[in-house]
Amino acid sequence: GAVVSQHPSWVICKSGTSVKIECRSLDFQATTMFWYRQFPKQSLMLMATSNEGSKATYEQGVEKDKFLINHASLTLSTLTVTSAHPEDSSFYICSGEGTLLREGTDTQYFGPGTRLTVL
Amino acid sequence: AQSVTQPDIHITVSEGASLELRCNYSYGATPYLFWYVQSPGQGLQLLLKYFSGDTLVQGIKGFEAEFKRSQSSFNLRKPSVHWSDAAEYFCAVGPILTGGGNKLTFGTGTQLKVEL
Chain A
1 GAVVSQHPSW VICKSGTSVK IECRSLDFQA TTMFWYRQFP KQSLMLMATS
51 NEGSKATYEQ GVEKDKFLIN HASLTLSTLT VTSAHPEDSS FYICSGEGTL
101 LREGTDTQYF GPGTRLTVL
Chain B
1 AQSVTQPDIH ITVSEGASLE LRCNYSYGAT PYLFWYVQSP GQGLQLLLKY
51 FSGDTLVQGI KGFEAEFKRS QSSFNLRKPS VHWSDAAEYF CAVGPILTGG
101 GNKLTFGTGT QLKVEL
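Chains as they are written, first to last, in my numbering: chain A, 1 to 119; chain B, 1 to 116.
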């Protein structure tokens, strides 16, 4: 249980275009989803926290107009990188926070990540 | 502010040898502690977690971790490493909140290499 999927797994786009990344919790409901960015050989940097049906909360230094987050349902959140530039190239990982009956506590379950390359 | 330190950037062990990955945290209250593993180009998989109870926590793939409040540590151990354990390991700390939205702070990771 506690599977999170991301789509696409990798994407290459031209500078100036927008890219949408989907994050789905497949077997649990995630009232909260998190979006992270990871640079090569570095740790995860939290970009934003999203709750179903409400606006996302962005971390300091993250441009909310550039990284649009929509959390339309308890199983789906999307991250849209608008007007992408080469410096936006990175590995983007989402997580869904859920409480499984057998565990009893909120835990983040991570998706497999999306590799974005902007040419 | 909460923080996590993983002092070892790289560790190399021989297959079959024991393993200990260090994690020290700074947190003002009772922490919620995690170990995640990341294979190349993949997301993070939860190995184990601790928030209360027995301070020795068993996880998947034969891993265990011990919470030591006096040392602010949550070290990950495995008695016999397999070649498939080669990966990046992240320690994380967060608050114990009800209702969700628990932001995690991650350490910088430890890259484990296993020699055959």
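No wet-lab data here; the hints were simulated from the structure.
Just so it is clear, the structure is predicted and the values come from calculations on it, not from any experiment.
Warning: the hint list may mix true and false statements.
Claimed, not checked - Covered by chain B, per the in silico footprint, the following chain A stretches (three or more residues, Cβ under 8 angstroms):
1. 61–71
2. 107–116
To be verified - Heads up, simulated DMTMM-like pairs for lysine to aspartate or glutamate below, C-alpha to C-alpha not over 20 angstroms straight-line:
3. Lys41(A) to Glu88(B)
4. Lys64(A) to Asp27(A)
5. Lys103(B) to Glu52(A)
6. Lys49(B) to Glu64(B)
7. Lys41(A) to Asp85(B)
8. Lys113(B) to Asp54(B)
9. Lys41(A) to Asp65(A)
10. Lys68(B) to Asp54(B)
11. Lys41(A) to Glu52(A)
12. Lys103(B) to Glu87(A)
13. Lys103(B) to Glu15(B)
14. Lys20(A) to Glu52(A)
15. Lys41(A) to Asp54(B)
16. Lys49(B) to Glu88(B)
17. Lys55(A) to Glu87(A)
18. Lys68(B) to Glu52(A)
19. Lys66(A) to Asp27(A)
20. Lys49(B) to Asp85(B)
Virtual Cβ for every residue (Gly too), placed ideally from N, Cα, C.
Hint by hint, here is what the structure shows:
1. 61–71: With 0 residues close enough to chain B, the hint is violated.
2. 107–116: Coverage by chain B holds here, the residue count being 8 at a Cβ distance below 8 angstroms.
3. Lys41(A) to Glu88(B): holds, 9 angstroms
4. Lys64(A) to Asp27(A): violated, 29 angstroms
5. Lys103(B) to Glu52(A): holds, 16 angstroms
6. Lys49(B) to Glu64(B): OK: lysine 49(B) and glutamate 64(B) at ~9 angstroms, within 20 angstroms.
7. Lys41(A) to Asp85(B): With a Cα-Cα distance of about 17 angstroms, the restraint between lysine 41(A) and aspartate 85(B) holds, given a limit of 20 angstroms.
8. Lys113(B) to Asp54(B): violated, 30 angstroms
9. Lys41(A) to Asp65(A): Violated. Lysine 41(A) to aspartate 65(A) sits at ~27 angstroms, over the 20 angstroms cutoff.
10. Lys68(B) to Asp54(B): Holds, at roughly 11 angstroms.
11. Lys41(A) to Glu52(A): violated, 31 angstroms
12. Lys103(B) to Glu87(A): violated, 25 angstroms
13. Lys103(B) to Glu15(B): violated, 35 angstroms
14. Lys20(A) to Glu52(A): holds, 18 angstroms
15. Lys41(A) to Asp54(B): It is violated: about 33 angstroms lies between the C-alpha atoms, which goes past 20 angstroms.
16. Lys49(B) to Glu88(B): Cα-Cα ~17 angstroms, so holds.
17. Lys55(A) to Glu87(A): violated, 25 angstroms
18. Lys68(B) to Glu52(A): Answer violated: lysine 68(B) to glutamate 52(A) is near 36 angstroms, above 20 angstroms.
19. Lys66(A) to Asp27(A): violated, 30 angstroms
20. Lys49(B) to Asp85(B): holds, 18 angstroms
Checked against the numbered hints given earlier, this structure breaks hints 1, 4, 8, 9, 11, 12, 13, 15, 17, 18 and 19; the rest are met.
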